[in-house]
Amino acid sequence: MITKKDIEHVALLSRLELTGPEKDMYTRQLNDILNHFQFLARLDTENVQPTAHVLPLQNVFREDWVGRHISREDALANCPDREENYFKVPKIV
Amino acid sequence: MQLFLLTAHEMHDLLIKKEISAEELNKAVFARIDAVEEQIGAYITRTRENALAQARAVDRQIRHGEKISPLSGIPIAIKDNICTDGIKTTAGSKILSNFIPPYSATVVKRLEAVGGAIAGKANLDEFAMGSSNENSAFFATRNPWDTSRVPGGSSGGSAAAVAAGEAVCALGSDTGGSIRQPASFCGVVGMKPTYGAVSRYGLIAYASSLDQIGPFARDVTDCALMLNAICGHDPLDSTSAKYQVVDYTGFLTDDVRGMKLGVPEEYMAEGTDPAVRCVILKAMKKLESLGAVVEYTSLPHAEYALPTYYLIAQAEASSNLARYDGVRYGMRAKGAEDVIDMFMKTRSQGFGNEVKRRIMLGTYVLSAGYHDAYYLKALKARTLIIGDFDRVFKKYDLLLSPVSSTTAFRIGEKMNNPLQMYLSDLCTSSVNLAGIPGLSIPCGLAGGLPVGLQLIGRPFDEGKLLRAAYTFEQNTDYHKQFPEL
Chain A
1 MITKKDIEHV
11 ALLSRLELTG
21 PEKDMYTRQL
31 NDILNHFQFL
41 ARLDTENVQP
51 TAHVLPLQNV
61 FREDWVGRHI
71 SREDALANCP
81 DREENYFKVP
91 KIV
Chain B
1 MQLFLLTAHE
11 MHDLLIKKEI
21 SAEELNKAVF
31 ARIDAVEEQI
41 GAYITRTREN
51 ALAQARAVDR
61 QIRHGEKISP
71 LSGIPIAIKD
81 NICTDGIKTT
91 AGSKILSNFI
101 PPYSATVVKR
111 LEAVGGAIAG
121 KANLDEFAMG
131 SSNENSAFFA
141 TRNPWDTSRV
151 PGGSSGGSAA
161 AVAAGEAVCA
171 LGSDTGGSIR
181 QPASFCGVVG
191 MKPTYGAVSR
201 YGLIAYASSL
211 DQIGPFARDV
221 TDCALMLNAI
231 CGHDPLDSTS
241 AKYQVVDYTG
251 FLTDDVRGMK
261 LGVPEEYMAE
271 GTDPAVRCVI
281 LKAMKKLESL
291 GAVVEYTSLP
301 HAEYALPTYY
311 LIAQAEASSN
321 LARYDGVRYG
331 MRAKGAEDVI
341 DMFMKTRSQG
351 FGNEVKRRIM
361 LGTYVLSAGY
371 HDAYYLKALK
381 ARTLIIGDFD
391 RVFKKYDLLL
401 SPVSSTTAFR
411 IGEKMNNPLQ
421 MYLSDLCTSS
431 VNLAGIPGLS
441 IPCGLAGGLP
451 VGLQLIGRPF
461 DEGKLLRAAY
471 TFEQNTDYHK
481 QFPEL
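Chains as they are written, first to last, in our numbering: chain A, 1 to 93; chain B, 1 to 485.
It is possible that some hints are incorrect.
[Said to hold, decoys possible] Pair ranges (Cβ atoms, derived):
hint	chain 1	residue 1	chain 2	residue 2	range
1	B	Phe138	A	Pro90	24 to 34 Å
2	B	Gly86	A	Val66	20 to 30 Å
3	B	Thr249	A	Lys23	46 to 56 Å
4	B	Arg328	A	Lys4	31 to 41 Å
5	B	Leu423	A	Lys4	20 to 30 Å
6	B	Arg328	A	Lys23	24 to 34 Å
7	B	Gly387	A	Leu13	30 to 40 Å
8	A	Val66	B	Leu423	45 to 55 Å
9	A	Asp32	B	Ala322	21 to 31 Å
10	A	Phe87	B	Ala275	18 to 28 Å
11	B	Ile340	A	Glu73	20 to 30 Å
Bear in mind the hints are in silico, worked out from the structure with no lab data behind them.
Cβ atoms here follow ideal geometry from the backbone N, Cα and C, with glycine treated the same way.
The following block holds chain A by itself, in its conformation from the complex (with noise of 0.2 Å):
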């Protein structure tokens, strides 16, 4: 069962800030979902190995080589606001 504080919780994790209506709603829309996909509980998975991932890979190397990238200036020509050639945000601390 998820409580109304679970979703203040959750939605600080994820950085989210809810409305008190939106908390609401979604304290019953995860707790309608999670209760419907509880019968997957019952399903018996001991020895079972779990699959987080299709293709047996490793991981993937190749050479250190200097590649081509773009410029820096295309780098930072979608941010919302810069200064010089770095991403500026509000105050941290």
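Starting from the known structure of chain A, fit chain B onto it as the hints suggest.
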């Protein structure tokens, strides 16, 4: 037949016979867009000048007697979660409403390299999260067969564009059915290739272990031509598979004799609309009459696929969408007190309800105390679901099922009930969990709306899917039916 409704291979024949120029062809498609786009709303951004410039370059090649590729000069729509250099790419979200990528996705580069004319960026559910296109932050695309209905989703704009003659082919992405379900609802061919067969470089990530880019087309031949253009290993995507690329048109033979097709009984269970069921059964009989062996089989863990899919997808999404913070690109909320407040306000104003819901569900199932009960449990269930497929594919070449248990539903019908909306992915999401290829092919109408037959194959066995779909198509005329607009 109107020019804008021809297939790419029919257009290609006219181009090389010089009966029409690529510029004329693109102008015809853009005239069609001007005529019907107000009713359909398939595109977030149209790139007419870009398409015409590519068309003129193709016309010069033809004039100089150079050989052109089958997709040269063909107008193609790109789902707006696939990056295009210098062309706005929004993922259907307010948070990226001003984002102009400094690079193109590998699939876009590959299409352009063979002369494809990018006609525009197709509408989608925000960050590909949805089954109806109603979650787009901008507007809802409408189904060309009935504009009071949804085109499906999340690649609804791509499917509607191809069905309405606003593009000849299109690219979409499929995480739990987002290519196959809109293809089914709009009466076009749509394919999710094997995981790793097509590069995801430049695809805005939703759930990275499930996402795959694939084509929409008006027939199976065009689908094969699109695969030829986009498949293959890409060093820029570390999950791209190294495999032998083949010419997929080589599989287009009218012959399914002896092919063993299994029908998972769990996918035909109650809950399937009787009219849809009837059309699907008729399609299966058709394949049987053409010489295939069709038998019922079972995927015992099928019922667990939906929760497994949603738990894994949302967990991955919550991590992938953490990058939208208003610092390097995208929108930034005004009036924040400090940097954390800026993150909070930006994300709260920039994301829509469905995206917030999925981020929170994903964060919850990964959070301390719940990780093992939900996320780890889902990863183990995924192993069992994959095992089901491994077992049936020892006996069968392909599996058959409906793509969706219903035809296109009405706009607004499921918007207030997210759970009901999630259930539309029942027959498709297990295919993403297993990383195997799935294709939707039009197989008839139910109540005047298209129904798609799903073909599911072994990993990297796209060729067999194409062969069965091509055979079905050659012996039916569903792919020649178009909505009246």
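Here is what the structure says about each hint:
Against the hinted window of 24 to 34 Å, the Cβ-Cβ separation of Phe138 (chain B) and Pro90 (chain A) comes to about 28 Å, which satisfies the hint. For Gly86 (chain B) and Val66 (chain A), the hinted distance range of 20 to 30 Å is satisfied, since their beta carbons lie about 25 Å from each other. Checked against the given bound of 46 to 56 Å, the beta carbons of Thr249 (chain B) and Lys23 (chain A), roughly 55 Å apart, stay inside it. For Arg328 (chain B) and Lys4 (chain A), the Cβ-Cβ distance of about 34 Å falls inside the hinted range of 31 to 41 Å, so the restraint holds.
Distance hint check for Leu423 (chain B) and Lys4 (chain A): the Cβ-Cβ separation is about 26 Å, which falls inside the suggested range of 20 to 30 Å. At about 30 Å, the CB distance of Arg328 (chain B) to Lys23 (chain A) agrees with the hint of 24 to 34 Å. Taking the beta carbon of each, Gly387 (chain B) and Leu13 (chain A) are about 34 Å apart, inside 30 to 40 Å as hinted. Val66 (chain A) and Leu423 (chain B) have their C-beta atoms about 50 Å apart, which keeps the hinted 45 to 55 Å range intact.
The hinted range of 21 to 31 Å is satisfied by Asp32 (chain A) and Ala322 (chain B), whose Cβ atoms lie roughly 25 Å apart. For Phe87 (chain A) paired with Ala275 (chain B), a C-beta distance near 55 Å fails the hint of 18 to 28 Å. Hint check: Ile340 (chain B) to Glu73 (chain A), Cβ distance near 29 Å, so the stated range 20 to 30 Å holds.
Comparing the model with each numbered hint stated earlier shows that hint 10 is the single one that does not hold.
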